[in-house]
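Engineer: Listed below are the residues making up each chain.
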Amino acid sequence: MADPMRIRARLTGDTVEVKVLMAHPMETGLRKDSSGKLIPAHYIETVKATCKGKDVLTADWGPAVSKNPFLAFRFKGAAKGDKVTITWKDTAGESRTDDAVVS
Amino acid sequence: MKMSRRAFLQASASGTAVLFVATTGLLPRLAAAATSPLAPTDHRKEFQGHTLDSVVKAMGGDKAVKSSDIMLQAPSIAENGAVVPVVIQSKLPGTRMIAIVSEKNPHALSAAFHFPEGTEPYVMTRVKIAETSNLRALVQTDKGFFYTDKLVKVTLGGCGG
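Taken in sequence, the protein lines are chains W and S.
Every letter in the first sequence is one number past the one before it in this note's numbering, and letter 61, counting from 1, is 61.
To convert, count from 1 in the second sequence and add 1000; that's this note's numbering.
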């Protein structure tokens, strides 16, 4: 099981800025280990952020997103105390969901 | 073997020239061709293209028009191609999607972000860039596809071992 994401959601004016740090190797499948064998590809394919039951961001990722991905985005229509939920799914079929409260 | 200074300099200069051409022009292409059967084949068609145009076509568009209303912020020189911070913000009305495209990567499309109504067309993330190339920000609006680019020099590649 992957480590939890670190999510921060901060309200400034009417906009919530969300910053997410995910723990994931994001292996491209092109790298070799010390014995020269290819390390199989293992990366996050989809990311979804929801707030109050509504999608606020969806993303399709390829292997070119850096290891331990960082993502920041901004949306309107949330108040302090609302919950922002982030879910990712990777090529190995694993997924993880974490949430943060808007502050 | 005795070699005059002039002959030595000429020989080494042409030698470096050949090496330079080989490393910059030919080798990455050959290496890419050689490794491609082993490369992961992402099943999503957007990720299969190798150029900006093919990515646009896979997304259902025709071609992308250059626009100055897209702000792409990335370092001019990336010391580590594995972690290149990128900020993209679109001022085009009706922006639905922002994608990061680097044509010299094994997959041209790095990431695509979809913005429902209420979400600002702004994204900040970190991507891998294989070698010095024009990093492109592709934006889809109700009116079609637009892009802007920025040259990012990579001193250490992001996709190798």
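If you are wondering where the hints come from, they were derived from the structure by calculation, not from laboratory data.
This structure is a prediction, so every number in the text was calculated from the model and none was measured.
Hints may contain errors.
[What the hints assert, rightly or not] List time: in silico SDA-like cross-link candidates among lysine to any residue, alpha-carbon distance up to 20 Å:
#1 Lys76(W) to Gly1094(S)
#2 Lys52(W) to Glu1120(S)
#3 Lys52(W) to Gln1089(S)
#4 Lys19(W) to Ser1054(S)
#5 Lys83(W) to Gly1118(S)
#6 Lys76(W) to Gly1118(S)
#7 Lys52(W) to Pro1116(S)
#8 Lys1045(S) to Ala92(W)
#9 Lys52(W) to Glu1117(S)
#10 Lys48(W) to His1114(S)
[Claimed, not checked] Covered by chain W, according to a simulated footprint, are these stretches of chain S (three or more residues, beta-carbon under 8 Å):
#11 1042-1056
#12 1065-1075
[Claimed, not checked] Below, a sample of chain S positions facing chain W; criterion: calculated Cβ distance under 8 Å:
#13 Ala1082
#14 Val1083
#15 Lys1104
#16 Pro1106
#17 Ser1110
#18 Ala1112
#19 Lys1128
#20 Phe1146
Beta carbons are placed, not taken as given, at the ideal position from N, Cα and C, and that holds for glycine.
Engineer: Compare the structure with each hint and give your call.
Structural biologist: Hints, one by one, checked against the model:
1. The suggested pairing of Lys76(W) with Gly1094(S) holds, with an alpha-carbon distance near 15 Å, which does not exceed 20 Å.
2. A distance of roughly 17 Å separates the Cα atoms of Lys52(W) and Glu1120(S); the hinted pair therefore holds under the 20 Å criterion.
3. A threshold of 20 Å between alpha carbons decides the hint, and for Lys52(W) with Gln1089(S) the separation of about 25 Å lies outside it, so the pair is violated.
4. Annotation: proposed proximity of Lys19(W) to Ser1054(S) is violated, straight-line Cα distance about 31 Å (limit 20 Å).
5. Note on Lys83(W) and Gly1118(S): the hinted pairing holds, with a Cα-Cα distance of about 16 Å set against a maximum of 20 Å.
6. A distance of roughly 5 Å separates the Cα atoms of Lys76(W) and Gly1118(S); the hinted pair therefore holds under the 20 Å criterion.
7. Of the supplied pair hints, the one linking Lys52(W) and Pro1116(S) holds, its CA atoms being roughly 14 Å apart against a limit of 20 Å.
8. At roughly 19 Å between alpha-carbon atoms, Lys1045(S) and Ala92(W) fall within 20 Å of each other, so this suggested pair holds.
9. At most 20 Å may separate the alpha-carbon atoms for a hinted pair to count; Lys52(W) and Glu1117(S) meet this at roughly 14 Å.
10. Note on Lys48(W) and His1114(S): the hinted pairing holds, with a Cα-Cα distance of about 10 Å set against a maximum of 20 Å.
11. Coverage of the region 1042-1056 of chain S by chain W holds [criterion: at least 3 residues with CB-CB distance below 8 Å; count 4].
12. Using a Cβ-Cβ cut-off of 8 Å, 0 residues of the region 1065-1075 of chain S lie near chain W, which falls short of the minimum of three, so the contact claim is violated.
13. With 8 Å as the threshold, the beta carbon of Ala1082(S) comes within range of chain W, its nearest partner Cβ sitting at about 6 Å, so the hint holds.
14. Interface restraint check for Val1083(S): the shortest CB-CB distance to chain W comes to about 5 Å, inside 8 Å, so the restraint holds.
15. With 8 Å as the threshold, the beta carbon of Lys1104(S) stays out of range of chain W, its nearest partner Cβ sitting at about 11 Å, so the hint is violated.
16. Hint status for Pro1106(S) relative to chain W: holds, with the closest Cβ pair at about 6 Å, below 8 Å.
17. Interface restraint check for Ser1110(S): the shortest CB-CB distance to chain W comes to about 4 Å, inside 8 Å, so the restraint holds.
18. Below 8 Å, beta-carbon pairs count as interface contacts, and Ala1112(S) has one with chain W at about 5 Å; its hint therefore holds.
19. At its closest, the beta carbon of Lys1128(S) sits 5 Å from a beta carbon of chain W; the interface hint therefore holds under the 8 Å criterion.
20. Violation of the interface hint for Phe1146(S) is found here, the shortest Cβ-Cβ separation to chain W being roughly 19 Å, above the 8 Å cut-off.
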